[in-house]
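*Asks:* Here the protein sequences line up with chains L and P, keeping their order. Just so you know, we're using our numbering here: the first sequence kicks off at -12 and counts up by one. Just so you know, we're using our numbering here: the second sequence kicks off at -12 and counts up by one.
Where hints are given, some of them may not hold.
Each pair may be met inside one copy or between any two copies, as identical chains are not told apart.
Unchecked claim - Straight line, CA to CA, 25 Å or less: simulated BS3-like cross-link-like pairs of lysine-lysine:
id : residue 1 : residue 2
1  : K205      : K288
2  : K111      : K294
3  : K205      : K111
4  : K103      : K36
5  : K25       : K111
6  : K220      : K205
7  : K89       : K288
Honestly, the hints are just simulated from the structure, not real lab data.
Number of protein chains: 2
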Amino acid sequence: MRLKQIFLTICFIGCIIFVHQVAIAQKSDPLPSWNDGKTKTAIIDFVSKVTDATSPDVVPVEERIATFDNDGTLWSEKPLYVQLFFALDRIKELAPQHLEWKTQEPFASVLKGDLKKAFEGGDKAILEIVMATQTGMTTEEFKTIVANWIKTAKHPKTNRLYTEMVYQPMLELLGYLRNNGFKTYIVSGGGIEFMRPWTEPVYGIPPEQVVGSSIETKFEMRANGPVLMRLPKVNFVDDKAGKPVGINSHIGRRPIAAFGNSDGDLQMLQWTTAGNGARFALLVHHTDADREYAYNHGAEKALEAAKVNGWTVVNMKEDWKTVYPPETK
Amino acid sequence: MRLKQIFLTICFIGCIIFVHQVAIAQKSDPLPSWNDGKTKTAIIDFVSKVTDATSPDVVPVEERIATFDNDGTLWSEKPLYVQLFFALDRIKELAPQHLEWKTQEPFASVLKGDLKKAFEGGDKAILEIVMATQTGMTTEEFKTIVANWIKTAKHPKTNRLYTEMVYQPMLELLGYLRNNGFKTYIVSGGGIEFMRPWTEPVYGIPPEQVVGSSIETKFEMRANGPVLMRLPKVNFVDDKAGKPVGINSHIGRRPIAAFGNSDGDLQMLQWTTAGNGARFALLVHHTDADREYAYNHGAEKALEAAKVNGWTVVNMKEDWKTVYPPETK
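Work out the full structure, taking the sequences as your base and the hints as a guide.
*Replies:* Structure follows, in structure tokens:
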């Protein structure tokens, strides 16, 4: 009898500890890097009402779709899009096989380090750079090239890996949404095959939940098996009015929450908030020249629409306790 | 003490019952509509080895991707693709608004009920019919049209709903794979927006796991909000060499198992089986003129490739105990 009593007592204590831990977990802050205020409250209020079974706004789990822009929303996009840094490194790497680049723009200026001149050609120059450096190989080869580059490539200002230039508050937000049954997607103007090799370890977003711009690929049967070749031809531009198209094509459901930072995200936020029931739209406003960057350029229309429509705007400087994750030594 | 003893006895009995139920569940047949034989064994052996943590062939859950063709693989495709029956019904419905169709082919022949003549124009005629009946509306409007049609449209031979002309053994296979951690996708030559309104209730496959052919859509901001318009222009043909392209675009991972029935699936099966590690490819061979249809036409190359590569071939007549689900009165 003595032993049984001891056993039951241990069980009882175990029970109390367990219940206590659950209570702590439930009460703990899901967004610790967000300062208290109306932005954080708006996020938590939205998630609470669409997940509370007794709420008139509750949304079935399968319809809890949240879409996130990448550049400027999940990681820094300044001084250049990371995919452009990748392209510039590729030009340097491939230059020995392209002696004609020494005199051919925009490559000549890139090789001389004169980016201002290289990008004078605008979108056309950028497209030319992307096509010259990111097509002409198989999809598997490209994946390996990206995966190897992203392992060591560093941001010119902070000297941290690009994959560490992600916003800690947004990582917490992704996790918070997933813990509440959301499926989180990236919907970016960036290249879909540039993002997929690293979004799972960095953001917890698997390849099948990444939507982006793409070039055409072609199935070819070779002697040692089939490949998909990356062709130098634009297939789809997942930006601006392209974002709702990309969402419809890949997801086939309208998101109930969308997160962006620029005019490139305007239509995604319009499309998301035009659906029935509870909706949430958020813009990250870059207001923090000390810890990140401060700029409105390219976000003017989106910020204006946020004002008109009552969308949530993150004031990075005020709303975020920290910008990047702590450095791992 | 008496009470405590009764309580413990009840607990003990409960435990035994629970363990027994688990044992039954584990032993019960996951594919009851499949006859025992080498086809069923091949499926179960594959699933066992990729899910057994002690197996050298074990595959992480996130990589357990299985892709299924739809027409002829998950439901009957004879005497016509279901989407064509839909198009023909749409022509009859829209005819009063298109008096010119009375004399214009292929519409005139469709309206006269002469399908042979209507389809003499081949793919061009079919494309014309699809464009005339399935574009020019918003994506939301099209979804409603499809959802309403599929609720009542019936197969001309069996007089059953098309959604009941699905293969019971394949429904069990989909469920068996999902119970073993697989993500199941449809990868069909059919229209992606024709399938998405009903694949979740019928197959348990959500819209975001449906890949198919598509027309172009365009974002438009209207006075009462944004819409996506369906344009009469082909965007992507998810058939033959297009299937690996569609898989790469939508999923971004190579499947480890693929299921088809025709030459349109050949490249999907080649692409799937060319990956590293354990792979599985299966063709449904239509050999059952009594219970379904018997034909090789359009599957000659795929069946030949199955022989050469040792892919699993379902002999519908011998391998399936039943073809369709029991009728619900």
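*Asks:* Against the structure, test the hints numbered earlier, and report the numbers of the ones violated in rising order.
*Replies:* 2, 4, 5, 7
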